[in-house]
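*Asks:* Go by the hints and put chain B with the ligands onto chain A.
One line per chain: the protein sequences are A and B, in this order.
Under this note's numbering, the residues of the first sequence are numbered 1 to 402, in order.
Under this note's numbering, the residues of the second sequence are numbered 403 to 647, in order.
These are computed hints drawn from the structure, not numbers from a lab.
Please note that the accuracy of each hint is not assured.
Sample of chain A residues with no beta-carbon within 10 Å of chain B, all distances over it, derived [unchecked claim]:
hint : residue
1    : 246
2    : 249
3    : 254
If you anchor each label on the Cβ, the simulated ranges turn out as follows [unchecked claim]:
hint : chain 1 : residue 1 : chain 2 : residue 2 : range
4    : A       : 344       : B       : 432       : 53 to 61 Å
5    : A       : 401       : B       : 642       : 29 to 37 Å
6    : A       : 389       : B       : 496       : 17 to 25 Å
7    : A       : 401       : B       : 418       : 34 to 42 Å
Values in this document were obtained by computation on a predicted structure and should not be read as measured data.
Where is the CB? At the ideal position from N, CA and C, for every residue including glycine.
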Amino acid sequence: MFANTLLMSVREIRRNLMRSGLTVLGIIIGVAAVIIIVTLGAGTTRQVQDEIGKMGSNMITLSPGGAMRMGGAASSAAAFDMADVLAIRRDIPNMQAVAPVSLRRFQAVYGNVNRRPQVMGTESDFSVVRNWKVVEGRLFNAAEQRFGRMVCIIGSTVRNEMFPSADPLGATMRIGKATCEVIGVLESKGQAMFGGDQDDIVVVPLRAFQRRLSGANRIDQVYISAVSEDAIPAVKADLDVLMRDRRKIAEGAQPDFDVRDMAEASTMMQNTTGVLTTFLSAIAAVSLLVGGIGIMNIMLVSVTERTREIGIRLAIGALEKEVMLQFLVEAAMLSAFGGLVGITLGLLGALAIAPVINVPFVWQPATVINAFAFSAAVGVVFGFMPARRAARLDPIDALRHE
Amino acid sequence: MNVLTDTAAVQNSGARQPLIAFDQVYKIYGHGESEVRALDGVSFQIFPGEFVAVMGPSGSGKSTTMNILGCLDTPTAGHYYFKGQDVGSLSRDGRALLRRHDLGFVFQGFNLLARTTALENLELPLIYRRIEAHERHRLAREALKLVGLDGREDHTPAELSGGQQQRVAIARAIVTKPSLLLADEPTGNLDSARSHEIMELLTRFNREHGLTIVLVTHEDDIAAFANRRIDFRDGKIVRETRKGA
Ligand SMILES: Nc1ncnc2c1ncn2[C@@H]1O[C@H](COP(=O)(O)OP(=O)(O)O)[C@@H](O)[C@H]1O
Ligand SMILES: [Mg+2]
Chain A
1 MFANTLLMSV
11 REIRRNLMRS
21 GLTVLGIIIG
31 VAAVIIIVTL
41 GAGTTRQVQD
51 EIGKMGSNMI
61 TLSPGGAMRM
71 GGAASSAAAF
81 DMADVLAIRR
91 DIPNMQAVAP
101 VSLRRFQAVY
111 GNVNRRPQVM
121 GTESDFSVVR
131 NWKVVEGRLF
141 NAAEQRFGRM
151 VCIIGSTVRN
161 EMFPSADPLG
171 ATMRIGKATC
181 EVIGVLESKG
191 QAMFGGDQDD
201 IVVVPLRAFQ
211 RRLSGANRID
221 QVYISAVSED
231 AIPAVKADLD
241 VLMRDRRKIA
251 EGAQPDFDVR
261 DMAEASTMMQ
271 NTTGVLTTFL
281 SAIAAVSLLV
291 GGIGIMNIML
301 VSVTERTREI
311 GIRLAIGALE
321 KEVMLQFLVE
331 AAMLSAFGGL
341 VGITLGLLGA
351 LAIAPVINVP
361 FVWQPATVIN
371 AFAFSAAVGV
381 VFGFMPARRA
391 ARLDPIDALR
401 HE
Chain B
403 MNVLTDTAAV
413 QNSGARQPLI
423 AFDQVYKIYG
433 HGESEVRALD
443 GVSFQIFPGE
453 FVAVMGPSGS
463 GKSTTMNILG
473 CLDTPTAGHY
483 YFKGQDVGSL
493 SRDGRALLRR
503 HDLGFVFQGF
513 NLLARTTALE
523 NLELPLIYRR
533 IEAHERHRLA
543 REALKLVGLD
553 GREDHTPAEL
563 SGGQQQRVAI
573 ARAIVTKPSL
583 LLADEPTGNL
593 DSARSHEIME
603 LLTRFNREHG
613 LTIVLVTHED
623 DIAAFANRRI
633 DFRDGKIVRE
643 TRKGA
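So here's chain A without its partners, still in its complex pose (with noise of 0.2 Å):
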């Protein structure tokens, strides 16, 4: 019986089969959509995962700027200065290591190279704190960080774009309106979250930044890496009572500073790309809702299209039931078939996208799966009015019709 019904399905969608390309185009189209942006979802969220993983381990960051803010540059809140981390260096047990760090883009000239890299003053430190590998020349001396010398230590980009074919070592070049000399040089760390580069980047000893670049004693940000994982908290506790202390903010009023780890930090971008996904998909849901919608409108058309073949079969002696299940099975054959070509579509097209937009493609079997299920549910969900309004047609009039 159900051979019997799957063959003459096919039959008929083999007899029109510009009617059933069209009935597919809003599943397809549907499901790619679904795919695409369920795969590229997944490859950010791996993308923020592993970026975290690169960080420094058991990190916090000491930025300006209230609780409910995210980045510390953009606030209003005063920065921190040296006598903040000369005091936390002082008080602050189970620290292994503090970096101060203070940012700006400056042209930097190398040769008749120009480039804009982000310069960013720091200590040695920061190397510990962050997990950034010198892989060629060697990290900032004491002598150089205490007089503010312009030496600097430069990311990938920033030596493959001005020194292609020279030695960065030793080299001389100018960032801003000083001069410094190339130390050392960063390991890559391959692309960033959403396309920033982090390897375009010169770093020099923090007084210099301040005395020779930027000219002013603010520090953007403080980076503390804990002895352990275990003593994050207590350093965090201990950071707070701190910084409340310095800048005067009674416990429990609102601090005009934030105080991070790793873990929040990952849990609050990834809530990010979640929320990002998740609207997203939302989206792509309704479009292959309409696409169900669609099955179930050109099956309507259809049936008032195949009275004529409904009547024919219903005189030759096919049941109720059996009219039902076919145009039943015709809807989820056409879904599911819609549900592998969107498929394939939507991994094709995600892996075409990944690249573009600096995302890793990731598969997953699930999604592929559960889409494909949907597909074809939505086939007999969506088939189903079509088919019993088929089944119940009176054969005479059916017959009758032109």
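*Replies:* What follows is chain B with the ligands alone, placed relative to chain A:
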């Protein structure tokens, strides 16, 4: 012809059960002023092996009779017995099964599935009868051969002439070996040469295979192929004639 009529007459007079019995059948459409009595108390019996022509002017109730005979419709009042069973008491599915196993239809408009080959059109009633693929193909080819269309298995209706399409339709109606063939103006869309070919074909099935046929027609020369004739007017039988009687 006379010999055949005689056998029918013998069957008729014998104690054999009629294949079909209409007992005071009424079919009434609408109410009150607009009431139409498509059938107004019709009774007749048809025995196995008969070839009956139903005649009458347009609107006299021929198609209504055929629809009820074909179990596509039920009487408003009265009874229709098929092989002794009251069709009016059957459910919609029960009537569908009766059509599937005992009836074959030939229509004026052929009613073949478009863009579907002759062979697949013939397979359709066999599929609903759950006959497996190999046997199905054999029976379909055999039936096509019987109507003189062997070699046209893969032709779609659009690739066949009107006469050929009607032969495919007849083949589809007889491929299940039904006990009754119902044909509502089967030659209405054909020229007279084609019509006579179709009628010769039907006559052959009636004689050689004992197939009971009820056929609606306007034309005397078509009705002449049958061995019994029932004339309708205004939903009533006005005359019954038997060949040779
Ligand atoms: N579904 C229907 N609703 C209302 N009247 C109908 C319907 N079918 C048939 N009739 C009427 O019943 C009468 C007999 O029709 P029909 O059996 O088709 O006639 P014939 O086939 O002899 O031309 C006609 O007056 C026709 O208008
Ligand atoms: Mg008629």
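*Asks:* Is it the case that residue 254(A) keeps its Cβ farther than 10 Å from each residue Cβ in chain B?
*Replies:* holds, 75 Å
*Asks:* Is the distance from the Cβ of residue 401(A) to the Cβ of residue 418(B) consistent with 34 to 42 Å?
*Replies:* holds, 39 Å
*Asks:* When you take the CB atoms of residue 344(A) and residue 432(B), is the distance between them in 53 to 61 Å?
*Replies:* Once the Cβ atoms are compared, 57 Å apart, the range 53 to 61 Å for residue 432(B) and residue 344(A) holds.
*Asks:* State, for the Cβ atoms of residue 389(A) and residue 496(B), whether the hinted interval 17 to 25 Å holds or is violated.
*Replies:* For residue 496(B) against residue 389(A), whose Cβ atoms are near 22 Å apart, the range 17 to 25 Å holds.
*Asks:* Please test the hint of 29 to 37 Å on the beta carbon pair from residue 401(A) and residue 642(B).
*Replies:* holds, 34 Å
*Asks:* Does residue 249(A) really sit off the interface, with its C-beta more than 10 Å from all C-beta atoms of chain B?
*Replies:* holds, 81 Å
*Asks:* Since residue 246(A) was said not to touch the interface, does its Cβ keep a gap of more than 10 Å from each Cβ of chain B?
*Replies:* holds, 85 Å
Consistency with the previously given hints is maintained throughout, with no hint failing.
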